[in-house]
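Chains as they are written, first to last, in this note's numbering: chain A, 143 to 445; chain B, 5 to 296.
Hints are computed from structural coordinates only; laboratory data are not their basis. There could be a bad hint or two in this list.
Reference listing, derived: stretches of chain B covered by chain A, where coverage requires no fewer than 3 residues with Cβ under 8 Å from a Cβ of chain A [what the hints assert, rightly or not]: (1) 18–29; (2) 159–165; (3) 205–216; (4) 280–286.
Every value quoted in this text rests on a predicted model; they were computed, and no experiment measured them. In this text, a Cβ means the ideal position worked out from N, Cα and C, and glycines have one as well.
Chain by chain, the residues:
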Amino acid sequence: MKAARRGKVVSYNKWGYIFLIPFVSVYLIFQFIPLASTIYNSFFENYRSGLTQIGPNFVGFENYKTIVVNGDLITYAQNTLIMWVMGFIPQIIVSLLLAAWFSNPSLRLKGQRFFKTVIYLPNLIMASAFAMLFFTLFADGGPVNSILMQMGILDQPYKFMSNVWSARTLVAFMNFLMWFGNTTILLMAGMMGIDTALFEAAEVDGATSTQAFFKITIPLLRPILVYVMITSLIGGLQMFDVPQILTNATGDPMRSTMTLIMYLNKHLYSKNYGLGGALSVVMFIVTAILSMIVYKFTNKKVD
Amino acid sequence: MGNNKKTKLKKGMNVKARRTIAYIVLVLISFLCLFWFYVLFINATRTHAELTKGFTPIPGSNLWTNWKNLSAGRAASALPIWYGLFNSFFISTLSAALCTYFSTMTAYAIHAYEFKLKKFMFTFILMIMMIPTQVTALGFLQLVGKMKLDDSFIPLIVPSIAAPITFFYMKQYMESSLPLSLIEAARIDGSGEFRTFNSIVLPLMKPAIAVQAIFTFVSSWNNYFTPALILHTDKKKTLPILIAQLRSTDWLKFDMGQVYVMIVFSILPIILIYMFLSKYIVQGVAMGSVKG
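Isolated chain B (complex conformation):
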């Protein structure tokens, strides 16, 4: 009896102590995640001269000047940032749209129909899911060259139609929230298969499509490897390529205030999206896990 009481007491204190430790560690880790962005935003507001003198935690007043200098291209190497923003936005949006639409279609094919190659196709898509695009980049580049699509957006957008990971997510989602009886009912009402897909299946898949559209948009926005190999003309380059270009210039002669503003410029759209949609994004990560 006495023994029991003692352990209970010990446990009660334990939980409190452990909770305190947990909070301390969480705050430290959050600091570790946010500190860099804090320094980034502070430094973006200061002049080059101030920056070379050392770090101060209080923001300066030079943000607007830095931004004007950057956007006017008043630098050692003028970066076409507006083109970069537009190109990144254009490629990412179209990729996200094509990827989610066709991945839903592929998942629907496997989910709603019985056909001979069904099991084979499903297994096949799962097997190729993890193969990175980089290992086929060489052949991809040659093919793009032969198709005369070098320096064009098409090879960066169209391949997103075949996205095994998005497919897998859609398939999982359909299993939990797309009853086949609904499709039966549509058939009885005389709806064609293609129309059923567009006007019944797609609206029901909206939550999954939204989550995957965000993920595809973000990964396309951040993609550096393939666009850097395909795009050559300055006005066609995307933001990650411009960042790389900034890195390879003689940065010692560069206005550091502008460098920081450029980094802010290229990550701000994603941060804004994340601020509004973080709940869905974090949930989406958990749902997309191996069916936890």
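The shape of chain A in the complex, shown without the other chains:
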């Protein structure tokens, strides 16, 4: 009787494996095999030139060399990073400020739920529809130009889409709008976790709230700040929908808003699997390194 029961206890644990079957099999088929074949493809010359199919021929690291030497990888990585930084800096500043206000008990802000609901809204909006909206709003004859002219700020329409920095600013601004609400909520959750006794002690010692913010909140928040920054960077590297729709996949003006994933998308459409593969592998390695850093922070929290 007893032995049988122990046998049964042990046999429960095989269900651990059984319940993992769906996840593992779907992961292997739809993530792992594609990853392996992407890496495999990156070592082959494989594209179409007009009607003739070139390859697949094994070329070693030639594809990697090509995307570095012709400058594409560097240009598009630069574009992506510039637009990410332009969106991230205002995002982190505004989010820190709002999170500090929301979580500050002495301010007792009213309507917090309303404000949180509003600032999170843009995150849920379809990025491609949002980009299409901005495209129509900031068009040469669009409402924004019309409003600015009615107010007398402009004499003639400003061509937002034909100017390198205004196009980049639009992309960065949209990314800012879509993500600052999310960041605010994350940072607020972190700030709520800080022991209020620390602030009380600082107040007794005569510290101003600005001092308390920079000397207590920021240092204690550092792990979450790093987490937010790295996850945002990983997200930024995937920047695609907004510039793709805004510029109709051209990355205009003069490829200045072309991001890495837009470039990858181009290769996927033209079926240039060699260069596309090399680009994917480079991005995989970069995101894997960044993920390791995030994992370290997440893990510390889990333990």
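Following the hints, position chain B against chain A.
Chain B in isolation, oriented as in the chain A frame:
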């Protein structure tokens, strides 16, 4: 003593001033978030001719006409919007259902059982959590081609079963609200493991499942990259692809009223969901953070 009083006074005013500043900034930022949607809804109610004349803040009376023109496909490039809506809805709903069900199952496997590879699996899932799908898209496309699943919904739905982020959320939730003693009790009552999962664990996980179902639904609804690579037939396209198609047409000849109505059409379902469920969504974001 006097000094103390002075600082207290200064502080009292400080709080009031800071509160005022906070409100002003919050109102400005809310304006920044909502202004675009306001212009969108206004412009959707106006005719093309009115739109080219410039912006007026008062809504027009042409919403119904714009909508009828759009839905009747009376445009330079007729968009199959009803198919788009149905396809988006179908893919997003099934993704959300599969994703939450199987992520809960995966989390349950790690949470409730002791087995050799448990720690390895948990670490592994956390490590792959951040790897974007785009970097494996090339191999994914080739695989889909070989499986003859090109232009089908299956490659857009089934992969959602392996969702590390949803898994992580479920695991966190189980740690706080799924006591193992309950599972023990079910076993003693003679319930099989699979039945325990379906009839005891799933109902207890309802709040977490609801939150994650919304998030998966929304991200699948908004997804553009993968569907655009997989779906080719007009009647199979999802809404984001139709938006992209709208962008690539010669929009100067396009009726702008219809463009605005089309944008409203594709974001309205999510806005409606958000209006009713915003409380849970905002809470869900905070809970899903790195265990704040």
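Here is what the structure says about each hint:
1. 18–29: holds (count 7)
2. 159–165: holds (count 4)
3. 205–216: Check failed, 0 qualifying residues.
4. 280–286: Contact hint for the segment 280–286 of chain B vs chain A: holds, 4 residues under 8 Å.
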